[in-house]
Amino acid sequence: MDWPSFFQSIANGVLIAGLYASVTLGLTLVLGVMGIVNFAHGELVMLGAYSTFWLFTMLGIDPLLSIAITAPLLFLVGIFVYRFTIRPILKDPPLNQLLLTLGLSIFLQNLAMILWKTDSRSVITSYSGMSLHLGMVHVGATRLITFAISVALTAVLIVFLHKMRLGKAMRAVSENNTGSWLVGINVQKTYMLAFGVACALAGVSGSLVSTIMYTYPMVGFKLSLKAFCILILGGLGNISGALLGSLVLGLTESFVGTYVPEGSGWAEGISFFLIIVVLIIKPTGLAGTRRE
Amino acid sequence: MGSSIRWKTTLPLAILCAFLLLFPKLVGSYFLHLAVSGILAMILASSWDILARTGQVSVGQAGLFGIGAYSSALLYQRYALPPVLGMLAGALIATFVSIFLGYLTLRLRGIYFSITTIAFAEALTVIWLMTPDITGGAMGVSTPPLFGGDREKAYYLILAILAAVVAVVWLIEQSRLNFAFTAIRENEDVANVLGINPTKYKVLAFMISAFFTGFAGGFYSHYNTYIIPYEVFNLGVSIACLVMPIFGGLYTIAGPILGTVLIKAIEEYLRVTFSYGHQIAYGLILVLVVLFMPEGLLGLWRGKILPLFRSRPGR
Amino acid sequence: MRGKGFGFVLVLLVAGYALAGFLPGAAMAADETIKIGAVLPLSKATFSQAGEEQRRGLLMALAEINQGGGVLRKKVELLIEDDTGEPSVGIGAAEKLLTRDKVAALIGGYSSTITFAQMNAIQRLEPVVAWTGASSTKVEHEFGPKRWFFHYHPWDYHRQSTIRNFLMGISPRPKNIAIAYEDGIYGTTSRDYVVKYLKETGFNIVFDERFKSGSSDFTPMLTKIKKANPDVFYWVAYAGDTTLIMKQAKEIDFNPKLFLSVAINFPQYKESLGDTGNNVAGVDVWIPALKNPETVNWLKKFNHAYPGRTPEYWAPLAYTNMMTVVDAIKRAGSTDKDKLISALEKTSYDSPFGKITFKKSEEGGIHQAIDEQIITQWQKGSAQIVWPPKKATSKLIYPTPDWKNR
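Protein chains in written order, with my numbering: chain A, 322 to 613; chain B, -14 to 300; chain C, 7 to 412.
The following block holds chain A by itself, in its conformation from the complex (with noise of 0.2 Å):
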């Protein structure tokens, strides 16, 4: 049994969970909260990507300290996103929520392609390709540091929506509308302070994503159907769910990379392999649906 592949496979799986993990949180959030499925969420995300790129590369900013920038400036552009295209369709059928969000990624993929051109950015920092060794492991410390900001960002997010005022009324939102708003809660404004944080989250995954990887205009969407791979595996606007069906979607990729012939081909359509999967033996998803 060659133990430094098995241990190297999981540890692979592990950090790359954490990037996939923070990319679904807010994605997660506006289900939850709204019962809206952002198809515009992998947008935003690249819209952090590419945030943390133009500070980098005009204000010498590091990427990963630059989140202190990017997650406030992807709150305020998640307000006006709600403000002007997701408050009026709040109360629509479902296909025009779907419509409208996909028009929305579509605008901004090719917005970014008309502003930045399709080239990939990277950013290169003076920890980059830097590598620890735990053992019969070689982890990167880049990979390390961005793992570690997905678990500090998951931690801080269960706070907030336990401990918080405002995250404790949106759990109550989402729980229940009219109680909720029978005790006093402002709904429309916890709904748009929600998407604005899922937007924050966004920015942040952003940031992360730029460093361990690289930005062009689509990345956001190939993050955003692995994603949607997640939270259909993991329960549907359910946090911890979508903890675990990172957790599910790294450590797969990785095991059919390192040990599946041809692995490496394979590996990037195991999210969709996935969603199909699980979807015909459980239509409503591994933990079941809140709303429709």
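Misleading hints may appear alongside valid ones.
As the list claims (entries may be wrong) - Some chain B residues close to chain C (C-beta under 10 Å, calculated; not the full set): (1) Met124; (2) Arg136; (3) Met192.
I should point out that these hints are in silico values taken from the structure, not numbers from a laboratory. What you are looking at is a predicted structure, and each value in this text was computed from that prediction instead of being measured. Cβ atoms here follow ideal geometry from the backbone N, Cα and C, with glycine treated the same way.
Since chain A is already given, all that's left is putting chains B and C on it; use the hints.
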């Protein structure tokens, strides 16, 4: 009243038919090519709309399109099956796959259905690339030009298929299917209670939609002479299938066709004037239509413009 | 009510077709200029970089030609159409240029699939095509023998035979090769030829797998490759994947004796990788470091037109494309098709790629302009030519020092 209604319907229709039949004689090869591409898009749009009538919003028509394209191309390559028969084969194989897919996705509602259709098309791309011995893989499959390059014949063929789609949709609208589809779309559980079996109709809609989408794929492969997985299973194809009907007006005969004509015209204009991201128009159209005219152009026509003509005394 | 609906549709259909007729550029060709048409990918990811670079080269050539008085005492007009990366659109663009704009020659090109579809569609017109696109031999088999088809870009086997010859020339000769390639046409054809050539000459292929372009993580694959302990790691990928592969190779401390790829001279290579990008070798058609006078002169012109940019080979290729076509028109004394074809066949033009003449190629083509390629290596942050010896600007660094020792 009876004869004047028929006059209003048949005269424009007759002019339209004459125009369409004479079209190749009126224009050069460039416009003929645009027309063929346009009509192909209309077929995709109308097929998508058939499926959408049951509330199944597919964002994965590219999967069926690609299956049709590859079936036709591979059957020609391996067994020298004549192209038109190959297109038919492509249509039938796509229909068969759709039965399978339809049953599999029966219990999926709303957006989960859509996500699954995306996953379906993407999964096909991966499978295709990883099995080059069967499918030709990344290198794709090439075929000789359709009808030896005679674009007029190609035009008439695709026009005939469009006529077939339109006829089928018209028949659907005249029959009980229309009621069944609409009931299922509005509320599947209630439809069930009313005695409509959603399974039967949903799968049927899938089959009809898949047949024409598959045929279109087969046509595409011979007309373009070279197909690769990244092109025919591409999400862009799936998106194009839905933007046109939404723009023109969902659940109508004229809507998908109207939407296609205008979008293709806008697209060609944008492509010639600007270089970049003319696809941005698709995104913008989707957003604006949902926000401001959810019933598409036809809805706008019926809702706002038509009443202006109704100021005449009674009919 | 129904009738009004149909009438509306009729009106709009006719309007739609009429609208298309009044598109810009739809006017009939005027006789005061010589028109040349180019079809380039300008809006599709992974293609548009090359398309944009070609456009720069074409515009440079156009300006120079017209400043010099044009050709046959007429101004040259260049019509560029975007194929958007789709075969249908590519066909339409080519048709439009040939049948409506009536261009004297069709130039440009990039994607092999689109090229195939286009040539099939327009071959009945037997137009003069001077093409910088397509490297797939599928195109060579089908259209290479046609008398009206002139091809500039090297075919896939030219690249891969260069790799084989280069590897054979390294001493001590490497034995084990690991190959990874992106799963599209680009990666697959490259891999197919390289496997064929390397097996023929006795190399041992220890790893041979495809990956999906745009993957977020190559560590599983690189881990497997590291285990196979190759002397040479050869991969074929687009720019983004290449940067990620190199970064992650460093992370898992993968140290083959040589990192070898295809496209390593894209403009952001240095910015994206920094020191991590050093010692990587690649096969290329041309890089700015070439010392021939045509390159030096051309670079001066390029830097004047586009200051601060590092060109990729597409720019001088497109420039050469345009210049040779116009030169042929001059020698033909007209844009008559047969005369132009004869003139093109007699081309002898000094370009940054060497002397351009049209000769036979190995799998059926009769008008091939470029076949020689070079091997480049990034050394201390600059791209050097390390093969063939007569063009080399520096010696190959082999074996590559371990990551720890850099």
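Evaluation of the provided hints:
1. Checking B/Met124 against chain C: minimum C-beta separation of about 6 Å stays under 10 Å; hint holds.
2. A hinted interface residue such as B/Arg136 counts as satisfied when its beta carbon comes closer than 10 Å to some beta carbon of chain C; here the least separation is about 8 Å, so the hint holds.
3. The closest approach between the C-beta of B/Met192 and any C-beta of chain C is roughly 27 Å, which is over the 10 Å cut-off, so the hint fails.
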